[in-house]
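Residue-level listing of the chains:
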Amino acid sequence: MITLRVNDKAYKVDVDPETPLLWVLREQLGLTGTKYSCGIAECGACTVHIDGEPVLSCITTIEDVSGQDITTIEGLQGWIADSLREGWINEDVSQCGYCQPGQIMTAAALLESNPHPNDDDINNAMSGVYCRCGTYPEIRKAIHHASSVSSVSSVSWGVDHEKK
Amino acid sequence: MKKNKVDKGRRRFLKFGVMGSAGLVMAVYFGTGGEKTKKAFEIWNKDSSILAPNAWISIDSTGIVTVRVNHSELGQGITTALPMIIAEELEADWSRIRFEIAPAEAVYKNPAFNSQLTAASTSVKTSWDILRKAGAAVREMLIAAAASTWNVNVSECRAEKGAVIHTTSGQRLEFGKLAGRASRLPVPKKVVLKNPDEFKIIGQPLKRLDSSSKFNGSAVFGIDVKLPGLLTATVIHPPVFNARVKLFDSDTIKNMKGIRHVLEIDNGIAVVADSFWQAKNGADTLKIEWTHNEIKDLDSEKLLKRWGELSNKEGKTIHEQGNPKEALANSSKEIKAVYELPYQAHATAEPMNCTAYIHKGICDVWAPTQNQDAAQEMAARITGLKYENINIHTPFVGGGFGRRIAVDYVAEAVQIAKMIKAPVKVIWTREEDMTNDFYRPANTNVIKAGLNEQGFPVTWSHRIVGPDHMAHMLPRLLPSFLPYWIPRSLRDLVSGIANRVLPGVIPGKKISEGASHIPYAIENINVDYVEDDPGIPLGFWRSVAFSHNTFVVESFIDEIAAAAEKDPFKLRLKLLEGKPRMQNVLKLAAEKTGWTNENTNGLSRGIAFLDFHGTILCFIAEVTVSPKGHVKVQRVICAVDCGIVINPQIVKSQISGGIVFGLTATLKSSITVRKGRIVESNFDDFPLLRIDEMPVVDVHMVKSAQPPTGIGESAVPLIAPAVTNAVFAATGKRIRRIPIDNQTLIMR
Ligand code: FES
Ligand code: FES
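Just so you know, the sequences run in chain order A and B. For the first sequence, our numbering begins at 423 and goes up steadily by one. For the second sequence, our numbering begins at 64 and goes up steadily by one.
Just so you know, not all the hints are guaranteed correct.
What the hints assert, rightly or not - Pairwise CB distance ranges, derived in the manner of DEER restraints:
1. B:Gly-447 / A:Asn-512: 49 to 57 Å
2. A:Pro-439 / B:Pro-690: 47 to 55 Å
3. A:Glu-508 / B:Gly-567: 51 to 59 Å
4. A:Asp-436 / B:Arg-161: 39 to 47 Å
To be verified - Examples of chain A residues toward chain B, derived with CB under 10 Å:
5. Ile-424
6. Thr-425
7. Leu-444
8. Gly-461
9. Gly-519
10. His-538
11. Asn-540
What the hints assert, rightly or not - In silico PhoX-like cross-links for lysine-lysine, where the CA-CA straight-line distance does not exceed 25 Å:
12. B:Lys-343 / A:Lys-434
13. B:Lys-655 / A:Lys-434
14. B:Lys-196 / A:Lys-431
15. B:Lys-376 / B:Lys-396
16. A:Lys-563 / B:Lys-655
These are computed hints drawn from the structure, not numbers from a lab. Quick reminder that beta carbons are idealized off the backbone N, C-alpha and C, glycines included.
Based on the sequences and whatever the hints tell you, model everything.
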């Protein structure tokens with residue numbers, strides 16, 4: 423039995439400890455928002471947060487993250503999440519949508535470390551997440567949008583990793 | 064197991080969760096021996112408070128309008144565009160519009176193919192008329208219901224934003240309140256459609272209806288389908304073309320945790336387990352012996368050599384006008400070039416997968432597919448069930464690009480479900496996905512032109528050497544194009560004959576699309592085709608033959624301009640004389656770029672033009688080439704005339720998305736073959752374009768009152784020639800093979 427803490431909930435799972443977190447999230451916990459696309463750390467579709475940092479769940483075994491705080495797209499909350507949502511809806515980013523959970527999780531981590539990214543910052547942070555549909559221009563605009571929304575608010579913001 | 068029609072109705076009723084009595088479902092089937100065809104009123108299960116007089120629209124008593132979309136949502140925005148067309152004529156309140164993907168039924172066939180198929184950018188084009196009329200008819204019924212409620216004349220009433228208003232008194236009744244009464248009225252046979260300048264919804268950048276579920280991870284793609292007791296399978300396909308399983312030793316993995324079955328199926332070996340990771344580990348460990356492990360001469364480099372030699376042969380004439388040979392002999396200058404295009408993979412973000420469950424004589428299939436009819440036909444053939452006992456559910460699809468027109472993954476899921484008598488989801492690994500695609504064909508093109516003294520082309524000849532994708536796809540799909548009433552035995556017979564006969568007769572026509580009828584006024588033309596098919600499976604790749612032919616044609620027009628020392632924009636403009644709609648698009652792109660302006664801010668420009676099934680586009684790419692030969696596309700200016708624009712934001716994103724798709728093929732990745740095996744297997748050796756490589760894309764749409772044409776594929780063919788023509792402007796080097804090899808551009 424391995425204990426996992428995902429989106430502020432504790433789970434006990436009985437699987438091979440070498441199983442990638444991705445498949446445990448998807449199959450054991452039913453959290454299918456996190457996507458499989460390459461399985462070899464090349465595309466970013468499987469990005470989740472572990473203790474607030476973006477991590478590729480397809481190459482992360484569950485024994486490595488047991489006890490740590492895991493956030494998936496389903497559990498992304500807080501000001502950054504809200505402003506990203508606004509940006510994503512406003513720019514109508516999604517096409518097929520399959521890569522988008524990975525894009526959003528990566529963008530959320532970017533905004534947390536850098537609330538006002540410029541285009542180069544966005545390139546650096548986001549270039550590991552592929553979009554075969556080519557939504558890159560909209561992703562860029564949506565991140566800028568989110569960053570501008572966040573900045574007008576004086577309320578303390580950030581992804582709610584603290585709320586346990 | 065025999066199922067009667069009322070039972071089927073009851074199942075549908077449960078499936079859609081609509082309140083009412085199944086007894087209301089009436090059945091009129093025609094055709095004997097074959098499959099049923101449903102009438103509009105059988106498609107929905109409804110009670111008397113629901114208005115659903117046609118296959119497209121259902122309005123419940125709360126005023127929610129549900130639109131059935133008969134196409135798959137692949138990301139192209141069809142679940143927003145088609146509801147917008149209906150909402151416009153219906154005078155609906157956009158905030159109350161919902162959509163659902165239609166089940167496989169005859170009424171939902173795409174008229175372009177007589178098959179329920181999302182392909183060839185036909186969805187809006189073919190739905191335009193049908194959906195407008197459907198929306199207008201329901202609007203008229205609601206108006207009539209309101210008029211009779213108020214006891215006034217219909218001419219005193221109008222519909223607006225989801226309600227009917229009595230113009231003189233200002234009384235107002237919401238659609239939901241009228242639905243029940245309207246459902247008892249006759250469906251009008253003739254309707255008046257709105258004038259395009261009265262459009263309030265069409266033409267607006269309305270937000271996509273599928274957006275929010277795709278933001279929070281709740282959107283259900285095929286790979287996300289959940290069922291009680293669901294097992295997961297992964298399939299190992301032959302590593303070499305046409306190899307079959309010789310031996311496999313299931314004992315070695317049987318005792319691994321979670322492994323339930325190891326099965327030989329038509330396409331390879333399936334490992335079924337409690338979860339995907341267990342299945343994949345089993346598949347990785349399993350020892351399989353194949354009938355052969357290499358095909359010595361099946362090699363990309365060898366193919367290029369062979370096609371080079373074959374290009375000296377006279378081909379099958381595809382299009383001829385004037386007297387090209389004589390004109391060439393009489394021309395004052397002759398130019399010739401050879402262009403080589405590689406195989407390409409679709410590499411959809413979501414790998415191939417499908418879920419199937421056969422229970423109590425019913426086969427349910429959750430297929431992320433572009434082709435519901437082929438999925439249904441495949442399931443019927445494998446299970447022996449009738450269409451009426453097969454339910455095709457289409458979840459969101461993580462990219463199609465033509466890959467999901469084939470239904471090989473459906474066949475696997477249904478076959479496995481039948482063998483193990485349990486619900487099963489088949490998931491391919493990325494490696495299986497990339498090495499078992501139906502690829503965009505590779506080919507070699509020899510192209511010649513003769514110029515007159517003024518430097519204008521008077522003759523043009525283009526020879527294509529290579530395989531034709533249609534010879535692979537048509538035999539596979541043919542049974543699904545047949546009308547439902549054709550019985551199983553005849554279907555199978557037709558399919559058998561098609562498999563033997565078609566590959567011999569069809570090659571040439573489709574592979575030359577985009578080459579055989581170029582828009583330019585050149586008097587003498589010859590396009591011919593030399594068939595050579597090495598057997599690598601082929602399919603439709605976003606924009607299909609245009610994806611290679613437009614590169615050849617638009618590059619070569621540029622070569623002509625260079626040889627004649629003409630401006631490539633002005634040459635095209637001249638060759639399009641008498642075609643004002645096309646010239647207009649060309650001029651718009653040039654104007655927005657400032658083409659005639661000498662100052663290009665250090666950027667080099669390349670132009671390309673295309674008439675893609677009636678969608679007219681011109682791209683101008685601005686690039687820089689570093690001394691190390693690195694090509695950076697800085698900006699692409701796009702002018703497009705696609706008739707009436709339903710949603711400008713969707714048009715923009717389809718164009719920039721098509722540019723990304725095409726740039727991956729222009730700058731980064733292709734499929735190569737070595738000894739009968741596909742070399743590339745994942746995104747490490749088939750990298751995609753990244754956000755930091757993304758150019759700025761400016762899209763300019765021509766305002767038009769013409770019916771809409773397609774947009775989903777049209778950008779893909781243009782980006783390669785626009786970029787390589789710009790590279791020529793920058794370096795003087797002509798790129799005749801893509802992806803661009805940076806080594807050839809290093810400045811020495
Ligand atoms: S699935 Fe993890 S990086 Fe691609
Ligand atoms: S939206 Fe389809 S892969 Fe990104």
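Going through the hints against the structure:
1. B:Gly-447 / A:Asn-512: 49 to 57 Å: holds (51 Å)
2. A:Pro-439 / B:Pro-690: 47 to 55 Å: holds (51 Å)
3. A:Glu-508 / B:Gly-567: 51 to 59 Å: The hinted range 51 to 59 Å holds for Glu-508 (chain A) and Gly-567 (chain B), with Cβ atoms some 58 Å apart.
4. A:Asp-436 / B:Arg-161: 39 to 47 Å: holds (40 Å)
5. Ile-424: violated (14 Å)
6. Thr-425: violated (19 Å)
7. Leu-444: holds (9 Å)
8. Gly-461: Check passed: Cβ of Gly-461 (chain A) comes within 6 Å of chain B, closer than 10 Å.
9. Gly-519: Hint on Gly-519 (chain A): holds, closest Cβ of chain B at ~3 Å, below 10 Å.
10. His-538: violated (18 Å)
11. Asn-540: This interface hint is violated because 13 Å lies over the 10 Å limit.
12. B:Lys-343 / A:Lys-434: The given pair, whose Cα atoms are some 23 Å apart, holds under the 25 Å limit.
13. B:Lys-655 / A:Lys-434: violated (60 Å)
14. B:Lys-196 / A:Lys-431: violated (51 Å)
15. B:Lys-376 / B:Lys-396: Given pair Lys-376 (chain B), Lys-396 (chain B) holds - Cα atoms ~23 Å apart, limit 25 Å.
16. A:Lys-563 / B:Lys-655: holds (22 Å)
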